[in-house]
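Colleague: Based on these hints, arrange chain Z on the given structure of chain H.
Chain by chain, the residues:
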Amino acid sequence: MIARIVVTPKPVVNDPQGITVRQGLATLGFREVSSVRVGKYIEVNLDSTSEQEARQRVEAMCKQLLANHVIEDYRFEIETDGHRRR
Amino acid sequence: MIDQVVGAELSYLWHKDADLKGCDCVIVPGGFAYGDYLRTGAIARFAPVMEKVGEFADRGGLVWGICNGFQVLCEAGLLPGALIRNASVEYRCEWTNLVVERTDLPFTSQCRDREVIRVPISHGEGSYFADPATLSRLEQRGQVVFRYCAADGRVTSNANPNGSLHNIAGIVNARGNVLGMMPHPERCAEAELGGTDGLKLFRSAAANAIKVLAS
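Going down the list, the sequences are from chains H and Z. The opening residue of the first sequence carries number 1 in this note's numbering; numbering runs sequentially from there. The opening residue of the second sequence carries number 1 in this note's numbering; numbering runs sequentially from there.
Looking at chain H on its own, in the form it has when it is part of the complex:
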């Protein structure tokens, strides 16, 4: 199974990277862009017996290490045999 995890800065956290990227896009002419947030994408391959088990394990991974709850939110989807579920 593959867990596809997206970690983003919390809305209340200032994201200077996002602000800088937005300015870059504006310079290139993408004036419709109102804001940009830069986060990270983490792909975890894991051997789990069920999707439910994988979901619980990935949740624990996010809480303990992959995301810092003070500054970041996370979401993930589990892919089993080509089926994607959020």
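To be clear, the hints were calculated from the coordinates, so they are not data collected in a lab. Just so you know, even glycine gets a beta-carbon here, dropped at the ideal spot from N, CA and C. Just to be clear, a hint being listed does not mean it is correct.
[As the list claims (entries may be wrong)] Derived Cβ-Cβ restraints for the label pairs, each shown as a range:
| no. | chain 1 | residue 1 | chain 2 | residue 2 | range |
| --- | --- | --- | --- | --- | --- |
| 1 | Z | R114 | H | E43 | 49 to 55 angstroms |
| 2 | H | P11 | Z | R175 | 52 to 58 angstroms |
| 3 | Z | G22 | H | L28 | 58 to 64 angstroms |
[Claimed, not checked] Computed list of lysine to any residue pairs in SDA-like fashion (alpha-carbon distance at most 25 angstroms, straight line):
| no. | chain 1 | residue 1 | chain 2 | residue 2 |
| --- | --- | --- | --- | --- |
| 4 | H | K40 | Z | K21 |
| 5 | H | K63 | Z | K21 |
| 6 | H | K10 | Z | P132 |
| 7 | H | K10 | Z | E51 |
| 8 | H | K40 | Z | V5 |
| 9 | H | K10 | Z | K16 |
| 10 | H | K40 | Z | N86 |
| 11 | H | K10 | Z | V49 |
| 12 | Z | K21 | Z | F32 |
| 13 | H | K63 | Z | E51 |
| 14 | H | K63 | Z | E90 |
| 15 | H | K10 | Z | I43 |
| 16 | H | K10 | H | K40 |
| 17 | Z | K16 | H | K40 |
| 18 | H | K63 | H | R31 |
| 19 | Z | K52 | H | V70 |
| 20 | H | K40 | Z | I43 |
| 21 | H | K63 | Z | Y37 |
| 22 | Z | K52 | Z | G35 |
| 23 | H | K10 | Z | A133 |
| 24 | H | K63 | Z | P132 |
| 25 | H | K63 | Z | D36 |
| 26 | H | K10 | Z | R137 |
| 27 | H | K63 | Z | V49 |
| 28 | H | K10 | Z | K21 |
[As the list claims (entries may be wrong)] Counterexamples of contact, computed for chain H against chain Z with all Cβ distances above 12 angstroms:
| no. | residue |
| --- | --- |
| 29 | R4 |
| 30 | V6 |
| 31 | V13 |
| 32 | L25 |
| 33 | T27 |
| 34 | E32 |
| 35 | D47 |
| 36 | S50 |
| 37 | E51 |
| 38 | Q56 |
| 39 | R57 |
| 40 | E59 |
Modeller: For chain Z alone, kept in the frame of chain H given last:
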């Protein structure tokens, strides 16, 4: 510097060490432990020695995180909040002025009340963040030890080098034995380095470390 300038006995602890070699004060220094992978300090907090550092802090031992060490202590949950990318998105390496807001701590006892000390910073991710409830608790309990300020001690946005909330440069835990700070006092502890204000902190810690654990 600890041994040759301050005159205290020094032991180096390795990340794999299973004990603290009888230290009375543990300093978690700056650097880029584990390459800052994932987040600054995120992996270092799982180093075997960190478990002992946590137990030591629980017993009231002095733990002092500087720069990356501060980030590690936040990730380890020994201090509240987190350090995020500088507001300028730049790595900043420069002298800053800090107003010392607590002088009753083992780390600052040799400073005068609201003394302004000159200490350099050197970081890309030193912008202190905490949620509003945590921040107001820190302020109410007087846990902000150092704030970036102008040379005359005024705390202004111009004096804030990284976008830290409330100009926070260093905080202490509620018990007063775990200190974290982004500026580098070890880089201004000898005249040859351009300043000696950092020496006051090391002398304070050295003078108080044994007393703290005995009490």
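Colleague: Check the structure against each numbered hint from earlier and tell me which ones fail, lowest number first.
Modeller: Hints 2, 4, 5, 7, 8, 9, 11, 14, 17, 18, 28, 31 not satisfied by this model.
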